[in-house]
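Asker: The lines below spell out each chain.
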Amino acid sequence: MARLRATDRQAAEDLFNACYPRLAGWVRRLVDDDETAHEIASEAFTRLLARWSGLDNPQSYLYMIATNLVRDHWRKTGRERRAIRTMTAAAPGEAACHPAQDVDVRALIEGLPPQLRSAFLLHYYAGFGVREVASMLGRPEGTVKADLFHARARLKAALGDST
Amino acid sequence: MSGPRDEIDAWLDREVELLPPAPGTFERVHRQARRRKRRQALLAAAGAVVIIAGLAAAPQIAAAFSQHGPRPPGQSVAAGRSRSQSPAARPATSAPAASPGTGPAATAPAQAGGTALSATTSGAAAPASFRPTSITMIGGGVGAVLGQAGTPGHCAGPVPAACTSLAGTSDWGASWYGVSAPVTSGPDGALGVSQVRFLNLEDGWAFGPQLYVTTDGGLHWSAAQTYGMRVIDLEVAGNRAFAIFAFCSGGGPDFAANCTTFALYSAPAGSAVFQPVPLPGDGRIGANGNRSASLVIGSDSANPEAGTGYLLTPSGYILSGPLTGAAWKMTGSATPCPADPAQPGGQPSDGLLAAGPALLISCGKSVWSSADGGASWKPAGIAPAAGTATSLTTAGSSQVILATTAGIDYSADGGKTWQPATIASGAPAGGFSYVGMTTATHGMALPADASLGEVFITSDGGTTWSPHPISGS
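As they're listed, the protein sequences go chains U and V. Count the first sequence with the working numbering and you get residues 42 to 204, in order. Count the second sequence with the working numbering and you get residues 110 to 582, in order.
Isolated chain U, as found in the complex (with noise of 0.2 Å):
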């Protein structure tokens, strides 16, 4: 059975030590909860050492990860997380305490179809430029580019519908 060698161990070890924090900050900004965050960061890692040996970028390969469980996140508490901030908004003083705009952009990116999503998470959140992120989405680069843009465009576009 395959296993991780000391060294390969070594590896996964600083690359959690360097990634783990800005991976799980990164997801509670897209989650905006702390233990979901560390859940979903925990899981990503997990997965990713179960398949390490076979891995050119792992980096990428996590955010691959974290990426798909919150958007599983999403799902699953979509119904949950729209009453609770329809009862948060209606509760006078309440927002206040909320970082709005976070909230605001959040649900719009949630929002966006699932194609552009990927692509604008990956890009604009994680770092990751054009070419990697056509890479991890098995997409040309063109593809992506426009992704990119008209995610942006429906966002620009949510956004003035709301001011």
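These aren't lab readings, by the way, just hints derived from the structure by calculation. All values reported here derive from a predicted model rather than from experimental measurement. Where is the CB? At the ideal position from N, CA and C, for every residue including glycine. Just so you know, not all the hints are guaranteed correct.
Stated by the list, open to error - Label pairs and their in silico Cβ distance ranges:
1) U:E76 with V:G361: 53 to 59 Å
2) U:G152 with V:N348: 45 to 51 Å
3) U:D55 with V:S442: 37 to 43 Å
4) U:D55 with V:G581: 44 to 50 Å
5) V:N309 with U:F190: 57 to 63 Å
6) V:E126 with U:G183: 30 to 36 Å
7) U:F190 with V:N348: 35 to 41 Å
8) V:G360 with U:R172: 49 to 55 Å
9) V:G248 with U:R172: 55 to 61 Å
10) U:D55 with V:G505: 45 to 51 Å
What the hints assert, rightly or not - Below, in silico cross-link-like pairs of lysine to any residue (SDA-like), each with a Cα-Cα straight-line distance of 20 Å or less:
11) V:K438 with V:P488
12) V:K146 with U:T87
13) V:K487 with V:A436
14) V:K438 with V:Q384
15) V:K146 with U:Y102
16) V:K146 with U:P99
17) V:K438 with V:S475
18) V:K525 with V:G505
19) V:K487 with V:G390
20) V:K146 with U:R147
21) V:K146 with U:A52
22) V:K474 with V:T526
23) V:K474 with V:P488
24) V:K146 with U:K197
25) U:K117 with U:A91
26) V:K525 with V:S507
27) V:K438 with V:K474
28) V:K525 with V:S475
29) V:K146 with U:Y166
30) U:K117 with U:R92
31) V:K146 with V:L127
32) U:K197 with U:Y166
33) V:K438 with V:S507
34) V:K146 with U:G170
35) V:K146 with U:K186
36) V:K525 with V:D481
37) U:K186 with U:S101
38) U:K197 with U:R147
39) V:K146 with U:A53
40) V:K487 with V:G523
Go by the hints and put chain V onto chain U.
Answerer: This is chain V only, laid out in the frame that chain U set:
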């Protein structure tokens, strides 16, 4: 007032606030990943078996079973390649991380991937021609021996010289079964292993000079990073392993010879990453000629993690500290004697240290004891005249047992007076290389001549010892 574009950019440009992991997160993640991998491999193996079962016609299965049959109880996992196994029936991810029983020569693991230490038996017989070099006991009569089996340099598998083997016992050494071993050779300069320690049924370390770690009772072994150094001693207690790493240039079995710098490292059970234990100064222990260093643990059986570790430096000082990985400190003045150059197993040839109710050190023909953790020493007695001391141990109050090149001697009064132990069938030629007491009554000794393939066992506090063969038991 900001426009839509500014709002998006501001959100995107905002620095991600870092969210550090809770302590121990990596270890937890690593464990989970390992379990997941194991499950995947087992599922893959099970799938392969199902496919084969589906493909084969029933009469063929019956015929094959009648010809080969299930492996009879006691058949060695080191039985070479006599038992055929369809490659397709092996786990899909079958890269050997451990050799079942004896190096890569074995081919018939009792479980997927190998055999593990057990409180009963692994179901596999001990490898043939076992030459033990190290023994470890974890209590309850369960323990393991590490050594070489088969013909060195003629073992099958990916590492031709690898004949390192493991055997386990659950009845104080009366009988032995096969356990998977790290795929490496015996000690040869910077390579191979010669010693083993198990903390419990799962966590084990094979070392000297390389370092391998298992977290599943030997089923799998992984090499641990030693930063270019050799592991010349390692002890386990509480929930951790402590090891002396050293830069050495000794060749062949003298892997712990000619060391220039020593350091103490530690790792918690379940981790292959050893971290330096803070020591006085810059954390490094300087050399003193060709003298060695050794490590013992003074355990508190009621509270194993509350014990104390002791390191004898080449200059003869004792460093001691907690079993938590926290800093160790210099203890008092120098001991009566420094650790002499290492024996082939890594232990000093003089300056033998033992920890029990008291801390003991043998210096030439004298034995000294310390009741204050090495701060001060008093002469306890004169060691027996016959032979040269090779190993010292104590477990009970006033009990001291000494292995020598002539036999085993014991003292029931803290080293004041000595009696030769009774050894059934007589002391082996060359005497003993190691003696250790697991409890005040039970102990094990290894003959200096490993080719005897035996361990010697006492169950009466060291007064009588009887040999037990490892292979064919």
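Asker: K117 of chain U and A91 of chain U were given as a pair; does the straight-line alpha-carbon distance stay at or below 20 Å?
Answerer: violated (25 Å)
Asker: For the pair supplied as a hint, K146 of chain V and A53 of chain U, is the alpha-carbon distance within the 20 Å limit?
Answerer: Given that 20 Å is the threshold and the Cα spacing comes to 15 Å, the pair holds.
Asker: Between K474 of chain V and T526 of chain V, does the CA-CA distance stay at or below 20 Å?
Answerer: holds (13 Å)
Asker: Does K438 of chain V pair with S475 of chain V here, judged by a C-alpha cut-off of 20 Å?
Answerer: violated (26 Å)
Asker: Are the Cα positions of K146 of chain V and P99 of chain U separated by 20 Å at most?
Answerer: Measuring from Cα to Cα gives roughly 17 Å; hence the hint holds.
Asker: Below or equal to 20 Å on CA atoms is what counts here, so check K438 of chain V against Q384 of chain V.
Answerer: Holds - the C-alpha atoms of Q384 of chain V and K438 of chain V are around 17 Å apart, at most 20 Å.
Asker: Quick check: does the Cβ-Cβ distance between F190 of chain U and N348 of chain V fall within 35 to 41 Å?
Answerer: With a Cβ separation near 55 Å, F190 of chain U and N348 of chain V fall outside 35 to 41 Å, so the hint is violated.
Asker: Straight-line Cα separation of K474 of chain V and P488 of chain V no greater than 20 Å?
Answerer: holds (11 Å)
Asker: Measure nothing beyond the straight line between the CA atoms of K146 of chain V and Y102 of chain U; if it is 20 Å or shorter, mark the hint as holding.
Answerer: holds (17 Å)
Asker: Mind checking the alpha carbons of K186 of chain U and S101 of chain U for me, to see if they're no more than 20 Å apart?
Answerer: Cα-Cα ~18 Å, so holds.
Asker: Is 37 to 43 Å respected by the C-beta to C-beta distance linking D55 of chain U and S442 of chain V?
Answerer: holds (42 Å)
Asker: Given a hinted range of 49 to 55 Å, is it respected by the beta-carbon distance of G360 of chain V and R172 of chain U?
Answerer: holds (51 Å)
This entry does not satisfy hints 7, 11, 13, 17, 19, 20, 24, 25, 27, 29, 30, 31, 33, 34, 35, going by the numbered hints stated previously.
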